[in-house]
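Input sequences plus hints: build the corresponding full structure.
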Amino acid sequence: MTTQFDAEYDIIIVGAGASGLSAAVEAVKNGNSVAVLEKLDSVGGRGQFVEGSTAFESDEQKKRGIEVTRAQGFKALMDESQWRANADVVSAFVHNAAHTIRKLSDIGAVWEDVTIYAYEQESELKTMHWAEGEGARIIELMEKAARDGGAEIYLNTAAVKLLTEGGRVVGLEAKDADGQVLQLGAKAVILAGGGYASSPEMMEKHSWYGKNARYLVDLGTPGNTGDGLNMAVAVGGATAETGSVLLMPVAKDKTITSHVSGAGSQPYLWVNTSGRRFTDEVVAMNFSDAANVIAQGDQGTSFTIFDDATKKHLETAGSDIGLGTFIPYHAQLNKMDAELEQDLVTGTAAKADTIEELAKAIGVPAEALAATVARYNELAAAGSDDDFYKPAKYLRSIEQAPFYAVRMVAGTLVSVGGIKVNGNLQVIADGTTDAIPGLYAVGAEASGIYGDTYPLTVPGNISGFSYTSGWLAADHAASQIAAEPALTR
Amino acid sequence: MTTVVAFNIAREPAAAQVLAHGGLTWTARKLPPAEDDHAALSVSVALAGDGELIGVTLGQGDPSWALARGASQVVRISDVMVGDDDAATAAALAAAVRQVVDANLVVIGDSEHHPGIAPVLAAHLGWPLVLGVSGAATRGESVEITRHRGAIDETISIALPAVIAVVAEAEESQPPGMKTMLAARKRPVQEVAAAALGLSASPPLDPVRTRLPEVTTARLMGGDARQAAAELVKALRAEGVL
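Protein chains in written order, with this note's numbering: chain A, 1 to 489; chain B, 1 to 242.
A few of these clues could be false.
[Claimed, not checked] In silico DSS-like cross-links for lysine-lysine, where the CA-CA straight-line distance does not exceed 27 Å:
#1 A:K175 x B:K30
#2 B:K186 x A:K103
#3 A:K161 x B:K186
#4 A:K29 x B:K186
#5 B:K30 x A:K29
#6 B:K186 x A:K144
#7 A:K161 x A:K175
#8 B:K30 x A:K144
#9 B:K186 x A:K175
For the record, the hints were derived by calculation from the structure and aren't laboratory data.
Here it is as structure tokens:
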């Protein structure tokens, strides 16, 4: 039986974030009719918080005399994933990311810089393209280009399930802003829902953090509930490498621009809930790895301990490491006192005149913390970290009262593993190597360029992949629509 | 009483793409609703009550936008495009209003960027106009209007026929759902050609070029106060200020 549709489009895109809008812009440029369904009341999703975007051999890199070859990019992404990434997908991304930068320029993006993320992280490739207005501006430009081209963007409208006929996806069922159910026909559906980071249940089920996922704090918009993944699986789609999630350290109940959180993210003394030091805190330079460390700890929590001298250092000399534009390198963290007024009450931070009192305030064994601080001061005095081999310049002794502790947790930026796709971003049928006709997954909805974690050494990769995979999927869908007479009728 | 609502009648600056060299491109397809359109539509629905509400728009107007929000019909002058000439836009809208039998009330957005449209429309129709309207209700044969003037809330009674121009005070709170919007597309639209109304399809204004404004830079004169003051005086003389 052929479904009676409320409306039919060439392409329906589920999600109006970075990848979905990129797909929409390209699809209308290709002459396809397009509907974009966004379950939230505004476009952009987590794409609004993007800082920069990865590309290799772009015009912007060449203009600045920066040489990062596509071969380097491919190798870096494959190596970082321990070769668990899908080489076809990585190749498609690496090969086309420079075109993305040009396409975004064409719709008005202005690139201010191409750089790295952490200045002292030598392995980083200079791939991060920073746009004027960052990700929010790119979203604005893509939305306008998509609408101007004729894309219909429906807000508060959620895709509910995919519709299939004879093994092909032919559309989807949606629920609109009024709660009315629609059957929508499409020659191709592109899933661009941004993964599952907003769903605690899916985080516990799919992410590498297992039960500790319950301690993660979601830092993004609330719409990323894994709808695309669930819908794809329901029609026989496969998943791959679903566990990878991009995390960032953040002080409990704080935003990532908070100065108390910025202080807690510095590579000083970190202790766990037992009051013991547990890592080389220089991992802080790579926020993704740093948050992985914290997320795996007891209660997904650690405490950053420092003394008044270090606090003054942060307020005057500034932060020793940065968190992108949120906490720039050497930013003077001079709002700590104002924030601490509240944070000392809520338990986000503690302040005490002795280490024992500090231990009591944060609920860790006093003897253990005192021993940890004593050992740490010994290492600082020696200028050599024989326990975890942290560079000596970050071994700041803890001697001058009052003493501070900041309660740190891992915040979720986005999940980056999900639906199994090929190099054309087509969804692969479970147990086969075949694509499900008419179905694509892009951006954080798709797996392909990650292993078990997010590689900050190729900075800007999730946004670069989101923009790039979006338009690549739209192009492939357009070619399929044009090539199959049954679809163009 | 037949109420008319004019919509999609102004190009908002947000709809323009400003190119790096200072050129402008405008969307060639449907105009996005102007920022006051939803408020005008909402007021017009309230005023129409059980009576008819007819939408009027021009070439880039999207009839389904108004039909999904309560208009019972739409008249569109399909070959007159909204451009830079607000007087031409107003003249075309007046011609469209005259197509509506028994029309005696026109509700329109009070565009901040195109403040001339509503007054010229009223002048063409020969009807009184109230600008800056925030709310309205029918009172017998007249309409009672509220508007904010500085710190004052003003209530005005106006006899029909009349034009009222509405200012949006917030974003549209509850746009219609997709199903309603799709259904609205299937409803008939009365398309009218400019020639049939004695209008010219081509606007008399033809913009030649646009450019980005000159960037003015600030110059700081620091260091020794006496020397800085002397430099400041010299710079002001060079600029012709002194």
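Structure-based check of all given hints:
1. At most 27 Å may separate the alpha-carbon atoms for a hinted pair to count; K175 (chain A) and K30 (chain B) meet this at roughly 25 Å.
2. Proximity of K186 (chain B) to K103 (chain A) is assessed by CA-CA distance (about 35 Å); at most 27 Å being required, the pair is judged violated.
3. Our distance criterion of 27 Å between C-alpha atoms is met by K161 (chain A) and K186 (chain B), whose separation comes to about 25 Å.
4. Distance check on the hinted pair: K29 (chain A) and K186 (chain B) sit about 25 Å apart at the alpha-carbon level, within 27 Å; holds.
5. Between the alpha carbons of K30 (chain B) and K29 (chain A) the distance comes to roughly 16 Å, so the proposed pair stays at or under 27 Å and holds.
6. The hinted pair formed by K186 (chain B) and K144 (chain A) meets the criterion: a straight-line CA distance of about 25 Å does not exceed 27 Å.
7. For the hint linking K161 (chain A) to K175 (chain A), the alpha-carbon distance of about 10 Å falls within 27 Å, and the restraint holds.
8. The suggested pairing of K30 (chain B) with K144 (chain A) holds, with an alpha-carbon distance near 12 Å, which does not exceed 27 Å.
9. With a C-alpha separation of about 20 Å, the suggested pairing of K186 (chain B) with K175 (chain A) holds against the 27 Å cut-off.
The structure fails to meet hint 2 from the earlier list, while all remaining hints are met.
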